[in-house]
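Undergrad: The chain contents come next:
Number of protein chains: 2
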Amino acid sequence: MTNPDNMKPVEATDVESAAEKTSEPTPASGTSTITQRWKREDLIKKASPITRGICLLFSLIAFLIMVSNKHGYGRNFNDYEEYRYVLAISIISTLYTAWQTFAHFSKREIFDRRTSILVDFSGDQIVAYLLISAASSAIPLTNIFREGQDNIFTDSAASAISMAIFAFIALALSALFSGYKLSTHSFI
Amino acid sequence: MTNPDNMKPVEATDVESAAEKTSEPTPASGTSTITQRWKREDLIKKASPITRGICLLFSLIAFLIMVSNKHGYGRNFNDYEEYRYVLAISIISTLYTAWQTFAHFSKREIFDRRTSILVDFSGDQIVAYLLISAASSAIPLTNIFREGQDNIFTDSAASAISMAIFAFIALALSALFSGYKLSTHSFI
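In order, the protein sequences belong to chains A and B. Numbers 1 to 188, taken from full-length UniProt numbering, label the letters of the first sequence in order. Numbers 1 to 188, taken from full-length UniProt numbering, label the letters of the second sequence in order.
Possibly wrong hints are sitting among the right ones.
What the hints assert, rightly or not - Some chain A residues judged to face chain B by a derived CB distance under 10 Å, without partners named:
hint, residue
1, 71
2, 72
3, 73
4, 122
5, 139
Stated by the list, open to error - Here are the simulated DSS-like pairs of lysine-lysine, each with C-alpha atoms no more than 25 Å apart in a straight line:
hint, chain 1, residue 1, chain 2, residue 2
6, B, 70, A, 181
7, B, 39, A, 46
8, B, 181, B, 46
9, A, 181, B, 45
10, B, 39, B, 107
11, A, 70, A, 107
12, B, 46, A, 46
13, A, 181, A, 39
14, B, 70, B, 181
15, A, 181, A, 107
16, A, 107, A, 45
17, B, 107, B, 181
18, A, 70, A, 181
19, A, 45, B, 39
20, A, 181, A, 45
Stated by the list, open to error - Pulled from the structure, derived: some chain A residues nowhere near chain B, Cβ distances all over 12 Å:
hint, residue
21, 42
22, 46
23, 60
24, 68
25, 75
26, 78
27, 82
28, 85
29, 118
30, 143
31, 156
32, 159
33, 162
34, 179
To be clear, the hints were calculated from the coordinates, so they are not data collected in a lab. Backbone N, C-alpha and C fix where the C-beta goes; we use that ideal spot for every residue, glycine too.
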């Protein structure tokens, strides 16, 4: 046990320098963390409309490719329920993201702040579930066709499915951003 | 235009009664809205672990039914990639919800408050996407089998898929509750 008597007496200057080191963060580092947060929040705020715009684009392409996928007997998307399912969901996804994009640019607040973020959040999730469900149900059928032969019908189906998957990824990201936006709004 | 002179002069008592009606909400109604909110928040807080517990149950049943779905040549789940996909995802879902339920009851805080809600929120969503994707990919194949004949193999496959869909619904609800929980925590 060190003998407290022969310890060096604590000088006033030591105390002050220790205080300075710990108590006030230098003004520069304080503001930089706040600006960093603002930048991050600003980025997140822009991310949702951008990802929904990307989803709108991919769902529209998926719709156009699938609806034009008619190449004679046995090569008509209408003959297979999985492809009809992909077409139906790409229409729903196109309408949903078009409405969201319109509401974003027209700055029209249909609900109050919190409800509109909750509607965004659940809407993104539900449509994302539908997109992944439609794409997943059509993949096995397309694999079977492509084992047999590769033609314009199977290639169009495959590309429409890939567009649906890209639309799903964009909307799933948008759902995560909506979740983050929920966490930065204090609604208590 | 009504002539302001012959309008009834506003009495002091009218002003007071009007003020009483609007300004202070009766104390009873103030506290009841707060208790209502606490009750709702308490319900939401309990909802997530309950829905994950339900999902654990359904994914475990889906796993058990599918893994035991071997009934001779051509009636073995292992011969079909869609059924292997359902089996793999039900294992992942069982492990994820088991970990979440364990973490909930052992009160072990692996992350800080906000990160743990964000991990819950994204984890629920990703596993829910996998569940709906696996179930959707196996449905068309099972429909084709059941057009031909109904036997223990197709019935087992159909019940495993239904369990996977129930597990998905439970986890999708849990993801919505996690989103709501995010919105009631001010993390600014």
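Undergrad: Are the Cα atoms of residue 46(B) and residue 46(A) separated by 25 Å or less?
TA: 33 Å, violated
Undergrad: Find the nearest Cβ of chain B to the Cβ of residue 82(A) and say whether that gap is larger than 12 Å.
TA: 6 Å, violated
Undergrad: Verify the interface restraint on residue 71(A): the C-beta must sit less than 10 Å from at least one C-beta of chain B.
TA: Violated, because the Cβ-Cβ distance from residue 71(A) to chain B comes to roughly 21 Å (cut-off 10 Å).
Undergrad: Using 10 Å as the Cβ threshold, decide whether residue 73(A) counts as touching chain B.
TA: For residue 73(A), the interface hint is violated, since the closest Cβ of chain B sits about 20 Å away, which is over 10 Å.
Undergrad: For residue 179(A), is the shortest beta carbon distance to chain B beyond 12 Å?
TA: At roughly 5 Å from the nearest Cβ of chain B, residue 179(A) sits no farther out than 12 Å, so the non-interface label is violated.
Undergrad: Under 10 Å, Cβ to Cβ, is where residue 139(A) needs to be relative to chain B, so tell me if that hint holds or is violated.
TA: 6 Å, holds
Undergrad: Does residue 159(A) really sit off the interface, with its C-beta more than 12 Å from all C-beta atoms of chain B?
TA: 19 Å, holds
Undergrad: Beyond 12 Å on every Cβ pair: is that true for residue 85(A) relative to chain B?
TA: Per Cβ check, residue 85(A) is inside 12 Å of chain B; nearest 9 Å; violated.
Undergrad: Are the Cα atoms of residue 70(B) and residue 181(A) separated by 25 Å or less?
TA: 47 Å, violated
Undergrad: When you look at the beta carbon of residue 156(A), is every beta carbon of chain B farther off than 12 Å?
TA: 19 Å, holds
Undergrad: For a C-alpha distance cap of 25 Å, please report whether residue 107(A) and residue 45(A) respect it.
TA: The given pair, whose Cα atoms are some 14 Å apart, holds under the 25 Å limit.
Undergrad: In terms of Cβ atoms, is chain B entirely out of 12 Å range of residue 143(A)?
TA: Given that some Cβ of chain B is not farther than 12 Å from that of residue 143(A), nearest at about 8 Å, it is violated.
In this structure, the hints that do not hold are numbers 1, 2, 3, 6, 7, 11, 12, 14, 18, 19, 27, 28, 29, 30 and 34, in rising order.
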